[in-house]
Amino acid sequence: MDLYSENSRSKLIDKEEFSLLFDACVENKVTTIDFLILSPNELSKKLKRSINEIVLFQNELIKEFDSINDHFIQLIKTKNEVSIENDKLAQDTLINYPNISKQPDIRSNILTNSRQSLKSNQHYNDIQHFTTGDPKIDQLLNGGIYTHEITEVFGESSSGKTQFLLQLSLNVQLGIEKGGLDGSCVFITTEGDLPTRRLEDLIVENKKYKSYQFEKNDFLYYSQEKIYTVSCNDLISQDHILNVQLPILLERNPNIKLVIIDSISHHMRVELQIPRKRYNNLNTKTHPKSNFDDMYRQIQDNKKYIDNSAENLLKLSHKYGISIVLSNQVSDKPLKFYNNNYCPKIWDYEYQLGWLVGWNKRSIKARQCRNNRNNSYTLKVETQVPNLGLTWSNHVSTRILLSKSYKAIPLVKDSNQYRNTDASENSEGNKTFWQIRRNFKVIYSRHCKNDDINFVITRRGVNSVFD
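The opening position of the sequence shown corresponds to residue 1 in this note's numbering, with each subsequent residue numbered one higher.
Think of the hints as simulated: they come from the structure by calculation, not from any bench.
Predicted model, so just to flag it, every value in this text is computed and none were measured.
Hints are not guaranteed to be accurate.
Stated by the list, open to error - As a list, the in silico BS3-like pairs of lysine-lysine whose alpha-carbon atoms are at most 25 Å apart:
#1 K48 <-> K11
#2 K45 <-> K15
#3 K304 <-> K45
Unchecked claim - Pair ranges (Cβ atoms, derived):
#4 L356 <-> I62: 14 to 24 Å
#5 S223 <-> E27: 16 to 26 Å
#6 T31 <-> D66: 10 to 20 Å
#7 H318 <-> S39: 24 to 34 Å
#8 R437 <-> R9: 51 to 61 Å
#9 E350 <-> S223: 44 to 54 Å
#10 E271 <-> K63: 38 to 48 Å
#11 S157 <-> S223: 53 to 63 Å
#12 H240 <-> E64: 24 to 34 Å
#13 T391 <-> I436: 41 to 51 Å
#14 K178 <-> V270: 12 to 22 Å
#15 T31 <-> R252: 46 to 56 Å
#16 C369 <-> K46: 39 to 49 Å
Using N, Cα and C, we set each Cβ at its ideal position, and we do this for glycine too.
Using the sequences plus the hints, can you model the full thing?
This is the structure we're talking about:
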């Protein structure tokens with residue numbers, strides 16, 4: 001419940017007799033304003049709690065707001081001139097709830113809260129962005145990484161996700177005139193400790209490379225001291241960090257402009273997984289319905305957990321005007337064949353899946369037209385999808401795919417640098433070897449169109465290249 005944010009000095013927060021009521025409010029998304037404007041009967045239906053308990057809490061809550069009403073009224077009088085649009089929205093709130101007019105003290109609270117909510121919505125007009133460190137990638141993203149939203153970077157192992165996130169943690173420290181936000185960064189790791197040695201290499205190499213552009217004082221922008229880091233060993237510690245420690249840190253350090261999570265799905269994919277044994281028991285003759293109900297209930301609980309986690313991150317990004325960038329792992333989604341009469345609808349999730357995860361046209365076609373007759377489509381198709389499913393994707397504003405492939409190139413005949421390696425010896429005697437080819441692809445974004453660019457990982461970080 002948002003009682004703490006509305007009145008941090010409220011004595012009701014510490015009362016144990018209302019603890020179950022608070023839990024019901026969080027679960028059903030009932031706010032403090034609802035207790036001030038709704039009747040006990042309506043609240044009882046929403047919260048599924050007794051009317052006596054709700055009336056008791058409602059009376060004490062109104063008494064507390066009455067005691068601080070003078071402060072709210074004085075705050076309204078001393079405020080600067082409020083626009084007509086803000087007043088109209090506040091008046092619309094009072095029209096929708098006519099009973100408030102009978103209680104002038106509550107009416108002033110509603111007016112104040114309406115204006116405060118409008119003030120918080122102004123964060124949407126203050127959206128900023130900072131550079132990724134590469135001009136071509138910035139151009140691809142229409143400026144760089146944006147605030148007030150979640151940016152997801154996904155891809156297979158060793159595709160360059162962590163390298164890209166490390167580079168962002170440094171570039172956000174640059175001054176605004178240099179393309180940064182002059183802020184600090186929070187780097188939350190779930191797969192190990194922060195690679196500080198690689199981070200120091202990036203700082204040193206970028207200082208050398210940009211020495212002709214920046215003055216000596218500009219070197220102070222890059223520093224590991226501006227990066228707050230913590231490691232999560234399990235899902236419980238991850239929840240505690242994201243829901244408790246991170247909001248406190250952001251409240252105490254307004255200079256933080258970027259929060260990085262590497263990766264968000266590492267613990268979720270393990271601890272939210274439904275045991276395979278439960279799938280096997282679904283087809284047994286002993287209590288089939290109960291097995292199905294339990295599994296369905298757990299699936300819905302997992303979806304709700306993922307949805308709440310994404311909502312909490314979005315609230316933090318909007319409240320503090322920060323950018324949240326996180327990496328996501330991938331898993332395989334194999335094709336399932338249907339009979340010849342199978343015809344997917346255009347609004348089906350399976351039909352649209354390819355565009356949401358960045359597959360090529362051949363893979364999308366294979367997913368949309370899969371039956372026993374067209375097996376030729378499935379010879380070489382993509383099956384990797386980011387974890388956490390559609391529930392998570394609905395909260396992501398920008399999705400970026402980092403991929404890695406290999407291509408054969410000829411060796412230089414007079415070069416000895418490949419001697420005594422796997423590349424120098426070939427069964428056919430051809431001097432060829434496999435070179436890594438990396439691709440940076442924007443799957444979808446509200447700021448730019450879908451496009452891609454190749455890149456390499458050097459000592460300076462992620463840098464775009466041309467074919």
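Evaluation of the provided hints:
For the hint linking K48 to K11, the alpha-carbon distance of about 24 Å falls within 25 Å, and the restraint holds. A threshold of 25 Å between alpha carbons decides the hint, and for K45 with K15 the separation of about 23 Å falls inside it, so the pair holds. The straight-line distance between the Cα atoms of K304 and K45 is roughly 21 Å, inside the 25 Å bound, and the hint therefore holds. Distance hint check for L356 and I62: the Cβ-Cβ separation is about 47 Å, which falls outside the suggested range of 14 to 24 Å.
A hinted range of 16 to 26 Å for the beta carbons of S223 and E27 is inconsistent with their spacing of about 43 Å. For the pair T31 and D66, the supplied restraint of 10 to 20 Å holds, since their beta-carbon distance comes to about 19 Å. Remark: the range hint 24 to 34 Å for H318 to S39 is upheld by a beta-carbon distance near 31 Å. Distance hint check for R437 and R9: the Cβ-Cβ separation is about 60 Å, which falls inside the suggested range of 51 to 61 Å.
Roughly 48 Å separates the CB atoms of E350 and S223, a value that falls within the hinted 44 to 54 Å. Between E271 and K63 the Cβ separation comes to about 43 Å, which falls inside the hinted range of 38 to 48 Å. Distance hint check: the CB atoms of S157 and S223 are about 29 Å apart, inconsistent with the given range 53 to 63 Å. About 29 Å separates the C-beta atoms of H240 and E64, a value consistent with the hinted range of 24 to 34 Å.
A hinted range of 41 to 51 Å for the beta carbons of T391 and I436 is inconsistent with their spacing of about 33 Å. About 40 Å separates the C-beta atoms of K178 and V270, a value inconsistent with the hinted range of 12 to 22 Å. Look at T31 against R252: about 25 Å separates their beta carbons, and that is not inside 46 to 56 Å. Distance hint for C369 and K46: a CB-CB separation of about 46 Å, consistent with the stated range 39 to 49 Å.
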